[in-house]
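Trainee: In the order they appear, the protein sequences are chains A and B. If you use the numbering used here, the first sequence corresponds to residues 1 to 273, in order. If you use the numbering used here, the second sequence corresponds to residues 1 to 273, in order.
These are computed hints drawn from the structure, not numbers from a lab. All figures in this text were calculated on a predicted structure; none of them were measured in a lab. Glycine included, C-beta positions come from ideal geometry on N, C-alpha and C. Watch out, some of these pointers could steer you wrong.
Claimed, not checked - Facing chain B, a subset of chain A residues (Cβ under 7 Å, in silico):
1. 20
2. 24
3. 71
4. 75
5. 102
6. 121
7. 124
8. 127
9. 143
10. 182
11. 222
12. 249
13. 273
Unchecked claim - Coverage of chain B stretches by chain A, computed from C-beta distances (three or more under 8 Å per stretch; other residues unrestricted):
14. 44 to 55
15. 100 to 106
What the hints assert, rightly or not - Quick list of simulated restraints, FRET-style, between CB atoms:
16. A:55 / B:19: 50 to 60 Å
17. A:55 / B:83: 48 to 58 Å
18. B:72 / A:126: 47 to 57 Å
19. A:139 / B:84: 26 to 36 Å
There are 2 protein chains.
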Amino acid sequence: MTPHALDLATALEGDPAAPHRRAHTSDAYWTFIGPFGGSSAATALRAVLEHPSREGDPLALTVNFCAPIASGEFRVAVRLARANRSSQHWLVEFTQGDGAEAVLTASVVTAARRESFSHQFAAMPEIPAWELVPVMPTPSRLSWVSQYEFRFVEGLLALSEAPPDPPRSPRSLLWLRDAPARPLDFVSLAAMSDAFFGRLFQVLGRIPPFGTVSMTTYFHAAADELQRHGSAPLAGLADANVFHRSFGDQTVHLYGAEGRLLATGVQVAYFRA
Amino acid sequence: MTPHALDLATALEGDPAAPHRRAHTSDAYWTFIGPFGGSSAATALRAVLEHPSREGDPLALTVNFCAPIASGEFRVAVRLARANRSSQHWLVEFTQGDGAEAVLTASVVTAARRESFSHQFAAMPEIPAWELVPVMPTPSRLSWVSQYEFRFVEGLLALSEAPPDPPRSPRSLLWLRDAPARPLDFVSLAAMSDAFFGRLFQVLGRIPPFGTVSMTTYFHAAADELQRHGSAPLAGLADANVFHRSFGDQTVHLYGAEGRLLATGVQVAYFRA
């Protein structure tokens, strides 16, 4: 069986227990001037998940995109900063070439997800069944877009000649999954938490220079729960609070079967507009 | 002039350019089993802000609370992981005693906040003027609570004998400021982004074992804008999406004068209930 493109894009070489491993950018997950941030985030997470000392499920993932990763190989340093009885704190750093400076840093918290009081306050927005929503055609020059199936219900990016006045809503609601479909796990969920077009693009109706600087994803389900989800699409809700002084934010909710909130994400991005 | 308690609590010793500095926990900002997370976060941020190589304003702050910090001294390692033309990526790590294991790790992104397109989508909730809202009496046994002036409009913590059924809303709306008042800056804003009681406490009407594991704050204003705010209270909106399998989240909005969104925060916390 051929591995899924996401597994090829996030593959690491070298001893999983070593303090340094190697990985490669993927032409299949390429965006404006570097790899799709979601695949970089997923690679950082995978480095932790594959480490033989890792215990528990990922709970929190923060990725700082320090500089564009050049096409080709990069080094992945993985360090367990703290091990507790039921949680671990991991640090990951990507470097490239001869440089000592990081191109990406990340922190990952893993934890035992024991049964407890359980209550979800966030309600999945009303959304038609995914089979009823047409798939967005993807004639994008950005290869990563073709690695996902997008079915927009609200907030499809629409470019316009004149800037919309007032600015358009940054909110989007859509069904999202890997293309081809792939069973959901933390690697794909991490990548999907970045698989939303820059909110600013739809606000302005154009695509100015833009890049995510930092992103944080919280996982609200355990491994067995993701496994039960299978390869059905997730309902994704993306929005933004503010664009100001060259930076803007994004908030993301990803819902699985029966409206279960599987992950939430935030990010802050640079723009020039 | 006596320094403000927050400045005493977040003070660092040693050469600001050195790779390691020293700091001390503060009895004035103490919570259940360690320092108030907001003061630890603010200390990590201060270590970056005071570094002579630092350029730009803080944009993103992620703090991972790895283990309770014991009362007393701790070491603060500060490293510039990447310097770009208009942004920097910093890593901070607290260690204590003879241990090599971290008690706290943090990442801080700083950036030049240039003029740009500006639009705020998040609207400050309707809230009465702060002078009209009574100050919460603070007979708390947790010292950090006394370092803030809380004026609750909605979602004041109410303990109850029986668990509320259905669970109470995790949402709170309040006016918040340092007590005594202190001019707003990034250090105080970082601390305030953690100055909300565990959302779970009001959901369950009781205080089970609980601790923040990871927290991310985005700053949506530049230094000059915070300075103009002065020492007036901020409107704080705190909420939660989900509690499940021993962990729950929190979202925070902090609004300044004229409803300007100054910071947003998320955190994920452990609980046993």
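Trainee: Now tell me if each hint is right for this structure.
Mentor: Evaluated hints:
no.	hint	in the structure
1	20	violated (16 Å)
2	24	violated (21 Å)
3	71	violated (19 Å)
4	75	violated (14 Å)
5	102	holds (4 Å)
6	121	holds (6 Å)
7	124	violated (11 Å)
8	127	violated (17 Å)
9	143	violated (25 Å)
10	182	violated (24 Å)
11	222	holds (5 Å)
12	249	holds (6 Å)
13	273	holds (4 Å)
14	44 to 55	violated (count 0)
15	100 to 106	holds (count 4)
16	A:55 / B:19: 50 to 60 Å	violated (30 Å)
17	A:55 / B:83: 48 to 58 Å	violated (35 Å)
18	B:72 / A:126: 47 to 57 Å	holds (54 Å)
19	A:139 / B:84: 26 to 36 Å	holds (33 Å)
Consistency note: the structure conflicts with the earlier hints numbered 1, 2, 3, 4, 7, 8, 9, 10, 14, 16 and 17.
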